[in-house]
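Novice: When the count follows my numbering, it moves up by one through the sequence shown with no breaks and lands on 471 for the last residue.
Don't read these hints as lab results, they were simulated from the structure. Since the structure is predicted, the reported quantities are computational estimates derived from the model, not experimental observations. The beta carbon of each residue, even a glycine, is placed where N, CA and C say it ideally should be. Hints may contain errors.
As the list claims (entries may be wrong) - If you anchor each label on the Cβ, the simulated ranges turn out as follows:
hint, residue 1, residue 2, range
1, N378, S187, 26 to 32 Å
2, M1, V470, 37 to 43 Å
3, K362, V470, 45 to 51 Å
4, S464, G259, 34 to 40 Å
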Amino acid sequence: MYDVCIIGAGVTGSSIARELSKYDLKTIVVERGLDVCEGTSKANSGIVHAGFDAEPGTLKAKLNREGNERMEQLSKDLDFSFKRNGSMVICCEESGMDTLKKLMSNGEKNGVKNMKIISGDEARAKEPNLSKNVIAALDVPMGGIVCPFELTIALAENACVNGVEFAFDNEVKDIKRSTGCYKVITSKREIEAKIVINAAGVYADRIHSMVSTVPMKITARRGQYCLYDKQTGKMVSRTIFQLPSKLGKGVLFTPTVHGNLLVGPTAEDIDDKEGTNTTAEGMNYARMKASESVENMPAGRMMITSFSGLRAHEEGDDFIIREAEDAENFIDAAGIESPGLSCAPVIGEYVANIVIPKLNPKKKEDFIAKREGIRHINSLPVEERERLIKENSAYSVIVCRCEMITEGEILDAIHRPLGARTLDGIKRRTRAGMGRCQAGFCTPRTMELISAELGISMEEILKSGRDSHVL
């Protein structure tokens with residue numbers, strides 16, 4: 001019998017797991033994928049929104065501001081990449097000025113600090129590559145960027161070392177009510193838990209309907225992205241937004257924390273909750289819209305990959321974080337679309353405030369609040385790099401030449417808490433395979449390391465997901 005069963009190991013489920021790991025609770029996270037961060041949390045803009053876009057009074061607005069303010073300290077505690085680079089919302093026509101002023105008014109009501117509307121010339125003085133058509137911009141210093149997989153993995157690892165159990169490759173098939181608990185039936189096992197938390201992303205409505213008759217509809221909203229080579233990463237220093245539409249915040253133009261340039265997303269409501277394919281039309285649209293923000297859009301040959309992610313859009317356009325009306329001890333954390341990533345530092349606490357009064361557990365005295373990430377040799381000072389290589393010669397052998405990732409880093413990714421078991425698991429933890437050649441050179445050696453360390457054949461190694469055999 002578990003105290004809590006969390007369904008979903010994305011950034012929301014991992015945030016909740018970490019917060020609950022501060023208490024004497026028996027908690028399990030059930031995940032249909034083979035790793036944490038295999039859904040929406042791995043494929044988004046990586047933006048820490050300041051909070052000017054959310055409608056005042058909504059849960060999105062409340063958690064966005066608090067999450068933004070806490071992200072910096074959390075990044076230090078859990079050792080993941082975060083940068084407060086600031087953001088701008090640009091306006092290219094006089095007809096858009098009312099919207100720009102509305103965004104500033106929203107931000108002020110939501111408690112966003114130090115915003116101001118500046119002229120086009122002032123905006124270009126800060127960002128010289130902005131389009132000559134920009135007549136004004138909302139300048140927001142509190143905006144930031146984060147690595148979404150590093151954040152999710154950091155939360156999950158910290159939850160794991162504090163006692164939370166993770167069950168991967170366990171797809172929830174049904175949930176049945178029982179005396180004093182729920183029975184969560186997965187593709188591999190049956191789990192009894194006093195409280196169930198639904199953090200299943202685009203599938204949250206299906207999980208909800210297993211126990212509740214209160215309607216919930218989650219629409220998969222696909223966003224397609226273009227990722228550019230690091231040679232283009234300094235075109236802008238801030239995240240550049242266009243004026244939002246009813247489908248979202250529009251196509252943005254932003255640096256990443258690792259020095260690339262990211263363009264996107266599109267916004268398409270689709271029926272397929274697995275529809276993460278990209279299209280030529282989507283890529284062309286993203287690049288065309290982004291070219292309205294800047295002069296001299298990077299050439300197509302500078303784009304090293306494309307990808308898409310699915311946002312879990314709820315009809316009411318707000319987060320649903322509450323106990324189901326007709327299912328006691330079943331808690332939804334649903335509709336967590338943008339700015340869900342920005343809210344991660346506080347969503348776990350918000351859910352815990354619902355759970356803790358029900359179970360009244362003691363707070364742990366030995367909770368481990370800090371976590372050290374993988375040491376990336378190429379970013380270390382020379383003295384520390386040399387010391388590490390002397391301790392372990394695997395740190396002297398380069399596997400991924402594009403990102404300068406060593407065998408030592410890959411071995412660390414395999415053997416740390418919730419260690420990588422797939423090629424994409426290695427990639428998300430180390431960046432091996434994320435460079436210009438997109439794993440063209442490093443895949444064979446990475447597979448050899450996975451095979452040797454896990455004791456499996458090369459034919460058993462997966463890229464990402466059950467049927468993604470490389471050989």
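Novice: Please go over all the hints and tell whether each is borne out by the structure.
Specialist: Outcome of the hint check:
Distance hint check for N378 and S187: the Cβ-Cβ separation is about 40 Å, which falls outside the suggested range of 26 to 32 Å. For the hinted restraint 37 to 43 Å between M1 and V470, the CB-CB distance of approximately 40 Å keeps it satisfied. Checking the proposed 45 to 51 Å range against K362 and V470 shows it holds: the Cβ atoms sit about 47 Å from each other. In this structure the supplied range 34 to 40 Å is violated for S464 paired with G259, their Cβ-Cβ distance being about 24 Å.
Taken one by one, the earlier hints fail for this structure at numbers 1, 4, listed in ascending order.
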